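Trainee: Spelled out, the chains give:
Number of protein chains: 4
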Amino acid sequence: MSVLLEFAMFPTDKGESVSDYVAKIIAFIDKSGVNYQLTPMGTIVETETFEEALFIIKGAYEVLATDSNRIYSSLKFDIRKGKSNRMQSKMKSIEDKLNKKF
Amino acid sequence: MSVLLEFAMFPTDKGESVSDYVAKIIAFIDKSGVNYQLTPMGTIVETETFEEALFIIKGAYEVLATDSNRIYSSLKFDIRKGKSNRMQSKMKSIEDKLNKKF
Amino acid sequence: MSVLLEFAMFPTDKGESVSDYVAKIIAFIDKSGVNYQLTPMGTIVETETFEEALFIIKGAYEVLATDSNRIYSSLKFDIRKGKSNRMQSKMKSIEDKLNKKF
Amino acid sequence: MSVLLEFAMFPTDKGESVSDYVAKIIAFIDKSGVNYQLTPMGTIVETETFEEALFIIKGAYEVLATDSNRIYSSLKFDIRKGKSNRMQSKMKSIEDKLNKKF
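Protein chains in written order, with this note's numbering: chain A, 1 to 102; chain B, 1 to 102; chain C, 1 to 102; chain D, 1 to 102.
Misleading hints may appear alongside valid ones.
If several chains are the same, the list does not tell them apart, and a pair holds so long as it fits within one copy or across any two.
[Claimed, not checked] Derived DMTMM-like pairs (lysine to aspartate or glutamate); straight-line CA-CA distance at most 25 Å:
hint, residue 1, residue 2
1, Lys-97, Glu-62
2, Lys-92, Glu-16
3, Lys-83, Asp-96
4, Lys-83, Asp-67
5, Lys-97, Glu-51
6, Lys-101, Glu-51
7, Lys-14, Glu-62
8, Lys-97, Asp-30
9, Lys-14, Asp-67
10, Lys-100, Glu-51
11, Lys-24, Asp-13
12, Lys-58, Glu-48
13, Lys-92, Asp-13
In case anyone wonders, no lab produced these hints; they're calculated from the structure.
In this text the structure is predicted, and so the values were computed from the model without any measurement.
Excised from the complex, chain A in its bound form (with noise of 0.2 Å):
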C-alpha cells in the first residue's frame, strides 16, 4: 500500500513570517526517517501505513503545541493499495505522457 499525504501546518498567532516553525516540523520529519519531500507550499510524505502517516502528522502538531497558541493545518491524502513509490510513479506516469522531465 502507498499512503502519500500532503500537508501544510504552521501558527497563525506569530506574525506574518512562520519559517521557523515551518523548520522544525521539517527536522522532526527529517529525523523521522519517513520517505518526503519539501515544496514551497507544503510537504508530501509516502508511508506504507496510513499509522505511520497519522504518526507523522501528530509529531508536526507537538514541535509547533508548545509554543503556539493557534494552529492552522491543511492536508489531504491520495491512498492506493497494492503501490508504493507513487512518489516517484505519479510523477513518471505524468513525464511519460508528455514526454517532458518535470
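Fit chains B, C and D to the supplied structure of chain A, relying on the hints for placement.
Mentor: Only chains B, C and D this time, still in chain A's reference frame:
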C-alpha cells in the same frame, strides 16, 4: 483546548456516487460520541485533544479501507488553546458582528 | 450543473483572532446573493457555473487584500453535472441512509 | 506580490486511475507559460496577480469539464505582498535554517 477538524473522505474507484460510503463514515462518527456537524462538503468534529481528532480520521479510513482500492481525503485543522465549544462560538462571533442569524 | 465550493480565507499577519476579517468576507458573500452556508470551519457556496464560484473567491480575496500583507486560503470543489440544490440533497441522501436528521 | 497556489483536480467518475486527465491539465498549465512545479500530490503555480491564478484554475476545470460528470478539487493559496520568486525563496529559507539541501 479546542481542536476543530473539517474533513471529507471518499473512495475514487466506486464511480460517480459515493454517498453509501460517506454514510458509513458518518455512522462511525455518530457512534464515536464525538461532537460533530455534517455539512454538504464534509464533516466538522470538535475534540479536546489532537489525539481524539486523529482517532476519528483513523476510524473513517478504516471504514473505507476494506472495500476501496483508492481513497482520497481533504482535511483542515484549526486548533486553539484556552477555548472550548468553538463549533458554536465561532458562528456566534460572526453572527454578532453582522447582526444576522445563520 | 451544481458547483459546490467550500473555503476558508484569512490573513496570517493579524494575530490570533481573525473574526473581524472573516465577518467582512461573509458580508460580501451575503450581499452577492449567492446560495451559501456558514460553518465553523468555512463557508459553503453553491453556484450553477464555475465562473460564479470563482467570482466569490475573487471577491473574498479583494475584501482582505487592502488590509493584509499575507493571506492564506484552503478550498475544495465538488462539481457535478445534471444536479442542482445539492446543498440540501447531499445532506438528505445521508439522512435517508442513516434514518437520522442532521 | 507573490500568489502561490497549490492544487489537485481530477474526475471522480473515471475509475481508479486518473493520470490521463491530470496529464491534460499539466499540458494546459505548461502551455499557459506560468511558473509551475509538478508534485506527486498536485501542481504549484506562482503568479503575480490573483486573477492569473484564477485563470489557471478555470483552465484546468475546462480541460476536465468536457469529459467528466463529476470533478473534485482541493486547493490552497499563500499570498504575500512585497515578495517574488517564493517558489525558490521559501525552499531556500528552510534549507538555510536546517543547513540541508532539498
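Trainee: Which numbered hints turn out to be false for this structure?
Mentor: Hints 5, 6 and 10 contradicted; others consistent.
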